[in-house]
Amino acid sequence: MTKLNSFKRLTDSSVTKFALFLIFAFVPFVFAENDVQLFIFWGINILLAQSINLLSGFAGQISLGHAAFYAIGAYTSAVLMTKFGLSLVVTVLLAALLNALVGYLLSFPAGRVKEFYLAMMTLGFGFIIQEVAKEWSSVTGGVMGLSGIPSPQLGTFTFLGIPTGLAYYYWIVLVIVACFLWMFKNFVQSYLGRSFLAVHRSELSAASIGISPKYIKQLAYTLSALMAGVAGALYAHLMGYIGSNSFGMMQSIEILVMGILGGFGTIIGPILGAGFLTFIPNKLQFIQEYQLMIYALLLVLSFLIIPQGFAGLFKLRTSLFKTFKSKQKSWESSSSIVTKREISDIEVNSTDHPLLSTSGVIKDFSGLRALNGISIELFRGEILGLIGPNGSGKSTLVNLISGIYSVTDGEIYFENQKITNEQSHLIANRGIIRTFQDPHNVDNMTVRENLLLGNHRLYRSGILSCTFNLKRSLDEEQKMLEKIDRILGLSELTEYADEQVGNLPYGIQRIVEVARAILAEPKILLLDEPAAGLSETELKLLIRLVRFVKNKGVPVVLIDHHMEFVASLVDRVVVLDSGGEIYSGDMRGMKQNKQVIEAYLGVAKHA
Amino acid sequence: MLKINDIHVNYGPINALKGVSIDVQEKQITAIIGANGSGKSTLLNAISGLIIPDHGEIFYNGTSIQTKPVEDRVKNGIAHVMEGRRLFKDQSVHDNLLLGFYFRSSKENKKNMMKQINEVYERFPILGEKKHQQAGTLSGGQQQLLIISMAILSKPQLLLLDEPSLGLAPIVVDQVYQYLNELKEVGVTIIVSEQMAALAMRIADYGYLLERGKIVGHGDVQYLQSMMDSDEMTSVYFGEARA
Amino acid sequence: MSSLQFALELIFTGLCVGAVYSLIAHGFNITFWTTKVVNFGHGPFIMFCSMIVLSFLMKGLPWIVSIPIGFAIIVIIGLILERVSVRPLLKYPTSMGWIVSTLGVGLFLQALASKIWGAQALAFPPFIFEATDYVSIFGIRLSAQYLLVLVMALVIMMLMEMVMNKTIWGKAMKAVAHDPNFARVMGIKSKIVITLSFMISAFLAGVAGILIAPIYGTITPEFGMNIMVLGFVAAVLGGIGSSKGALFGGLLLGVIEKLVGGYISTSAEHGVAFLILIIILALKPDGFFGVKVVQKV
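Residue numbers (the working numbering), protein chains in the order written: chain G, 1 to 607; chain Z, 1001 to 1243; chain B, 2001 to 2297.
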């Protein structure tokens, strides 16, 4: 624990960062030209590695053809400077924008497919771009490539009108890389960065707290491509020459290895991975002969032996939220977040109008009717138990309400509006929050970070605000952290706050998931079998949390088989059997209802 | 014939069985009765070997088997009809029977393969009629009969059935249960798990009540009947403090 | 040559090339069935087998010896792949593990081939027919080599179909694919079946290599990777997991490629394949004959 803390303190301190910057600034004075060039390569590789880290490590979108983005950046900047004489600032900017556009466009087909389909698609994308580079000779110079690119090494490069040598180019790259690392850190530590990890873990679970997986993927591809494009531009001018061979499978693999070896999903990992792949092959000449073989072996073995890369090996982890030195704000500003989301519609506010209702909902699954015309109502401040034997349709109903399935027929209303068949993240954004039978927390984030995810739909700061640590983003984050502290106390999770969720016992994970749902400030809470696997003490805690929600006037729908648990919480129950409703009323009546008893125990004698 | 001593199963993170001990007499039908989540499937899975218990012992005909893999147990007289009417739905009825027979039979027995399969067709002509149809196209009851027929092709001594009545119409349940009685007559020991206690009681000689991973009662048919009559059974399901 | 003849020749060539794509797609399908895993090193497997056969041929051994040796080696590599890259990584929820690992094995083979046989193109001798042999049908010249490829690919696929559907082991493989736990309860050793499926997939890669190498004339360490993506497009087009789909997708892709190459430009051939991939994945990800999987929540 202490090692974790001291590393965090180190990386969060601006003094350390400034000191490091100064140290690196001295490189051209200390090292020979060849080595300075290596350092520049390291900087470029850091950008590449963080680029794939953002896309694959954080957002979980595998990318086997990443060199394609690199290529587009390189060619764009090279051509713009060579043919149009534009300055570096402009060419890099344009290369970044073009890449962002390409990334954005790619996110459409890529975002729709998963897993190995995506992998093949990115592999194909890599091949295609290389083919384009080979064939479009008029622009790219084909296989012969583009030479005569203004380069500091050839003395043909100028920056802001001044002829620039290698040392100056190094400083330019240093500044750019430092800026990008700063932006990267800010982004990853913001709610957007955390939402990347949420989508990676489970799109369903992310949508259930209001995160739009589609939007997140678009963002991931755009930003990742942008970074790789900048790297490509810097590379083109460093070399003075680029050919289609520089951007093939080999390069894509190198980028992948840098990210994986360094450690996906961390901030420092790719920096280490990039360093490793920049300096080691250069210093150990014999490796170059076997380069591909070694990289290939690294790919095969890394997931087996060091699945978290160097960063995981040395346990170097930065926290995924913004930290503050002084707690300046007080309580009234944070309470404004809570009241902001109050239900404004007076009519719906009253207790005799249902907040949620379903009308004749039918759901078929290829010939099997799971729900046969269910009409239920949910009123403010009540806890409704939804029970029934296996296969009765309880989970199906909750899945329909939360937008995971679409209805075959019937309607669902919330706050007097039709929400039937709306997408799940939109339904979550309305305030209908649900949990799942298996807690889908992000295992390698801490409890605190997972809880922060719950606040996602309440955040208002935008991408720029998050990336540049503008006041708005910082203020919001601090308020959210204070909110977290209170929930931590309420759910008795304070001692686990900075532990990684994946290492905690199941019961605690379940409580984290429920606490996270509560943080989303639901207007309706749907709990799907939350009691399964919980100990007696954990059950009591869960009951306390559900009552907390009820006391705020938020209705809860509870599915569970643990009858005592259900009985201690619910105001009334609806019993389903084989897709139909067979009882609605209080629990006492249910236990004496003949139909219910038959549904569970069967008929003694066959009529 | 089957003796289970104090087994604990932690199914992933959940305590599915917390110290369960049962004793099954041969050539009888023993019922395991309990609500959802009580651990019925886990118990049967532990017997057949799909799950290895974390603690405790399972004795089959005097030999300890709790660490033996499934594939061995099903070749030594145990057959398991899993819950959910699991079948090779994309293959024909005939192929399902072939698969049911082939991998659990000894070399000499393989000669009798067609004979045994034809016996199934004789007993259930409807299966014979549909023998080249995909198993997924059969009705629920027909599938259940097919699955049980597959299970007994290995001529097991112990047959486990996990909620065989689930989703079947009452008349079909009768058919299935009648078949189970026939099997009992020929000397097969049967363990049936059911959620619907009333159903299980129709054929059970002995029953165990399972509630959230623990045995809360057991006895012969009269005991079970008295539990039903006194509403004790409902409290097992709907959770109320018992004396 | 009339325009009709030109078109027919293109279509014929397309069918032959497509037949190889189908074989590759089939190789993908086999492991996908049993484990939902696709070997990302499948392409290099294709290349490696043909390299091995070539090296034995160059040592003077006859085809009848070289081919079985090549097959034997590649099948063993398939077994190693399953043990090292697939089985230990299946327990993780993410597929990135086995994707990267199988890719790694493929790249290792590619690098190894470079090391052993050099990076330059090696001439692969014609198999049975010379490049110039042809058969005349309706006035069109059909290359005998291509025809052989088409026929052999179809024969192999028919054999595979027969093995899968008629033999007990084929049925057992389908059983493990459908429900591995139930298969175990029926006494089927699922682990062995899975390993077998990877070995068969490797065998199919080897066959594809032997068939296509003579047509290419020369082989390089990279040619496997390139053709793998095409085979994958064929698999997706037809619907991954379906043998009918593999056949259909491969043939269709081959014909489209050759038509595009003949009427537009040869350099656009592969670009069109990628375009098809994007379109199909965007519109109908299950392909033409694919089986839809309902996600249980």
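To be clear, the hints were calculated from the coordinates, so they are not data collected in a lab.
Heads up, a few of these hints could be off.
[To be verified] Selected chain G positions facing chain Z (in silico; Cβ < 7 Å): (1) V143; (2) H561; (3) M563; (4) K591; (5) Q595; (6) I597; (7) Y600; (8) G602.
Bear in mind that the values here come from a model prediction, so they are computed numbers and not experimental data.
Yeah, the Cβ is synthetic: ideal placement off N, Cα and C, and Gly gets one too.
Do the hints match the structure? See the list:
no.: 1; hint: V143; in the structure: violated (50 Å)
no.: 2; hint: H561; in the structure: holds (4 Å)
no.: 3; hint: M563; in the structure: holds (3 Å)
no.: 4; hint: K591; in the structure: holds (5 Å)
no.: 5; hint: Q595; in the structure: violated (13 Å)
no.: 6; hint: I597; in the structure: holds (6 Å)
no.: 7; hint: Y600; in the structure: holds (5 Å)
no.: 8; hint: G602; in the structure: holds (3 Å)
In summary, the numbered hints that this structure violates are 1 and 5.
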